[in-house]
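One-letter residues, chain by chain:
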Amino acid sequence: MLNEILVLTLIAVGSVSGAWLIGARSTLLAIPTGLLLASTARILIFSTCNMFSLREYSAGAFYVLLAGTIVVAALKARVGLYRPVIVAVAAGLLGVFATRILGIIGTRHGDSYWILAVSHLMQKSGDMNILDGHTPLKRGFAYPLLLALGPQDQWLTGMTPYIFFAMVCALAWVVWELVKSQPRSRTYFVGAVLVLVGFTATMPLRAIFYINGHTLFAVGLIITVGVSVLALRDKVLSNAHLVALCAGVYVATSTRAEGIAIMAIAILPVISLRFVSRYKAAIVIASLTTSFAIWQATYNSYLIPNGMPWVVFMMILVGAGLLPIIKWFDWLRFRIFFIGFIGLLVVFAAAEVKWHSDFSRGHRALVYNLFFNFSTKSLGSGGWGLMFAGLALLLLLALFSRWSPEFRYLLMISVMLVVGSLISKMLDGGQFGHPDLGRVGWSDSLNRMWIQTFGIFVITVAVGLIQNEKIWQRLGAKNKGE
Amino acid sequence: MNRLKNWRFLAIVLICLGVLAGNAYSLKTGARPFTHQNAEFRVNHYIGDSAWVENAPLVLSNYFKSVHLVDVKNDLTVPKGVVNPQVQGFGVQSEIVSIFNHATADYTSYPLDYRNVYFAAPKNNTKVLTREGILKYRQWLPSGQGYMNVHCAPLVEHNCTLGLYWDPLQTHRHDDVTFVAVRLRESDFALIEQSLFNELIKAAAHA
Numbered sequence: 001m002l003n004e005i006l007v008l009t010l011i012a013v014g015s016v017s018g019a020w021l022i023g024a025r026s027t028l029l030a031i032p033t034g035l036l037l038a039s040t041a042r043i044l045i046f047s048t049c050n051m052f053s054l055r056e057y058s059a060g061a062f063y064v065l066l067a068g069t070i071v072v073a074a075l076k077a078r079v080g081l082y083r084p085v086i087v088a089v090a091a092g093l094l095g096v097f098a099t100r101i102l103g104i105i106g107t108r109h110g111d112s113y114w115i116l117a118v119s120h121l122m123q124k125s126g127d128m129n130i131l132d133g134h135t136p137l138k139r140g141f142a143y144p145l146l147l148a149l150g151p152q153d154q155w156l157t158g159m160t161p162y163i164f165f166a167m168v169c170a171l172a173w174v175v176w177e178l179v180k181s182q183p184r185s186r187t188y189f190v191g192a193v194l195v196l197v198g199f200t201a202t203m204p205l206r207a208i209f210y211i212n213g214h215t216l217f218a219v220g221l222i223i224t225v226g227v228s229v230l231a232l233r234d235k236v237l238s239n240a241h242l243v244a245l246c247a248g249v250y251v252a253t254s255t256r257a258e259g260i261a262i263m264a265i266a267i268l269p270v271i272s273l274r275f276v277s278r279y280k281a282a283i284v285i286a287s288l289t290t291s292f293a294i295w296q297a298t299y300n301s302y303l304i305p306n307g308m309p310w311v312v313f314m315m316i317l318v319g320a321g322l323l324p325i326i327k328w329f330d331w332l333r334f335r336i337f338f339i340g341f342i343g344l345l346v347v348f349a350a351a352e353v354k355w356h357s358d359f360s361r362g363h364r365a366l367v368y369n370l371f372f373n374f375s376t377k378s379l380g381s382g383g384w385g386l387m388f389a390g391l392a393l394l395l396l397l398a399l400f401s402r403w404s405p406e407f408r409y410l411l412m413i414s415v416m417l418v419v420g421s422l423i424s425k426m427l428d429g430g431q432f433g434h435p436d437l438g439r440v441g442w443s444d445s446l447n448r449m450w451i452q453t454f455g456i457f458v459i460t461v462a463v464g465l466i467q468n469e470k471i472w473q474r475l476g477a478k479n480k481g482e
Numbered sequence: 483m484n485r486l487k488n489w490r491f492l493a494i495v496l497i498c499l500g501v502l503a504g505n506a507y508s509l510k511t512g513a514r515p516f517t518h519q520n521a522e523f524r525v526n527h528y529i530g531d532s533a534w535v536e537n538a539p540l541v542l543s544n545y546f547k548s549v550h551l552v553d554v555k556n557d558l559t560v561p562k563g564v565v566n567p568q569v570q571g572f573g574v575q576s577e578i579v580s581i582f583n584h585a586t587a588d589y590t591s592y593p594l595d596y597r598n599v600y601f602a603a604p605k606n607n608t609k610v611l612t613r614e615g616i617l618k619y620r621q622w623l624p625s626g627q628g629y630m631n632v633h634c635a636p637l638v639e640h641n642c643t644l645g646l647y648w649d650p651l652q653t654h655r656h657d658d659v660t661f662v663a664v665r666l667r668e669s670d671f672a673l674i675e676q677s678l679f680n681e682l683i684k685a686a687a688h689a
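Chains R and L are the protein sequences, given in the same order.
Counted from 1, the first sequence has number 345 at position 345 by the numbering used here; the numbering is strictly sequential.
With the second sequence counted from 1, adding 482 to any position gets you the numbering used here.
Bound conformation, chain R alone (with noise of 0.2 Å):
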């Protein structure tokens, strides 16, 4: 255990530490901030060194920058950099509290025990050529490589809770800097109210502790789309939310297997910003298949073609998704979020029109999952109790009122995740000749895919409501000022 907490404290806070560096100063931002930047630099210590099969000297390697980066960052920030370094590590002590002392553990599955044995195979530094196939593929890079830092033979269990810590921060970081113009007791009521909604259900406090990528995940996309939407609002893109918004893209591409559908899908609307540099926008749109490319060379997969060096398929990759930022296709560049909105659902929309017989069972499954069974009587099969049913009905009261571009913009990559996750999950049934869109339970992969986007539902719904006047409006002359 002492081994685990040291681990831990050293990823809490040189994470931290590096997030500080560049740039993100606030606690909330800098917690999830952090955590992206150290999977990034694991991911990419560890790609680099089974390059050269030293994949024994990656874990070594990562502390060694992790210990840098605090030294760095403690001559440079002297003391401005303890707040989050308390909570971070406070967070981490925390999660090793609750899964080493009180054995709490997720719920059992069988994708948790696939992430494992993969991990433990990193850890092991055995040969990854072995991951080739698509069952391993499916089970992500980024996570079960945070997890090979545990000791020996064993996997880092309180990483997991201090991962869905990172969300809840990210997810705090971006309805504050959303909506700090507005009076603060509506944003702590509205808060609270999310809170109770969001967090009580079975599913949110089942991703605290279960081993699957989807919190993750979860973490790159809120900081992607929330930087996203700031830098709408704000007409800039710092230097600082630029780098987190990349790790955050590369982070989650990395994470699951439909990563780089739905990060191509959370980018478009920065990348589709005037005012972002066509140079800013190449770096953005190169986390994503750079992350990509990287994961599937290192894991030999089946998808790069027979014979192909790693560094071609990369190079194709990487060069494709920069065709957008060529000037001559600008026109296309700057209504991309517009056209892709409309392209996704077109695609839906044809795809239920062609397999609508094939899918009549998920649309069941997707009824019974997020809302009610009609078979057993029950509140949503797939573990989140009412919550949606609450949340559709609280945006219901956030829609009629003037929209703002922030969360117009929110309304949109909502509902472009919705379709995002329907169609991700069509095409990995598509993959075995019978497109799906799941079973009932909340094992299903759709059904656990909401892990990954009800975060940024919930900002939507709070952003919605606590800029929504009429809601407030007996209670404005009280508010005002605080």
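These aren't lab readings, by the way, just hints derived from the structure by calculation.
Hints may be right or wrong, so weigh each one.
What the hints assert, rightly or not - Capping the alpha-carbon separation at 30 Å, the derived lysine-lysine pairs in DSSO-like fashion look like this:
no. : chain 1 : residue 1 : chain 2 : residue 2
1   : R       : Lys180    : R       : Lys470
2   : L       : Lys562    : R       : Lys138
3   : L       : Lys555    : R       : Lys138
4   : L       : Lys555    : R       : Lys124
5   : R       : Lys235    : R       : Lys280
6   : R       : Lys76     : R       : Lys280
7   : R       : Lys180    : R       : Lys76
8   : L       : Lys547    : R       : Lys124
9   : R       : Lys327    : R       : Lys235
10  : L       : Lys684    : L       : Lys555
11  : L       : Lys547    : L       : Lys618
12  : R       : Lys180    : R       : Lys280
13  : L       : Lys618    : L       : Lys684
14  : L       : Lys562    : R       : Lys354
15  : R       : Lys138    : R       : Lys124
16  : L       : Lys510    : R       : Lys377
17  : L       : Lys618    : L       : Lys555
Here the structure is a predicted model, which means the values were calculated and not measured.
Since the structure of chain R is provided, determine the placement of chain L on it from the hints.
Then chain L, alone, in the frame of chain R:
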């Protein structure tokens, strides 16, 4: 109370209370979001002690010094153009065999087919593998099950079962052992330790 005169505000409060009550009921009546009192943090034992469909090689490699599995050919997907595909084997994922590398596997042949003679009387002058003959050698799994659920190969049926058989008097922990895959019934399979399997076959032939 002035705040509650705004119906939208009141609606938010009521929705929140309704969802809270629903979620609390759901938590009380449904599956728990997590459990406690876990004391196993070694990956190979945490997985091996579970009822996971893929963990047959891991259960064996956790117990013996090294394990070699033979006749475990399994294609989980139905080859294109095949009409009415039939179950031919059970899932033994090569990645799991390789990751926990005290195990190796030979995927040349499908499990030996003993379906026709599994229930036949031992006096039959054929190679007979009787239920009575092997049941006493069946080992209880760390998960507490007598048999484990495994993937059928190809995945035309979802529930195949697998039993593990060896003679504890002859085969000791920390031995290097070989297990033969055998099909006993339509969707029931067995991994039988090689020397026990040979003995059973020989005994049946002489009966």
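Looking back at the hints listed earlier, which ones does the structure fail to meet? none
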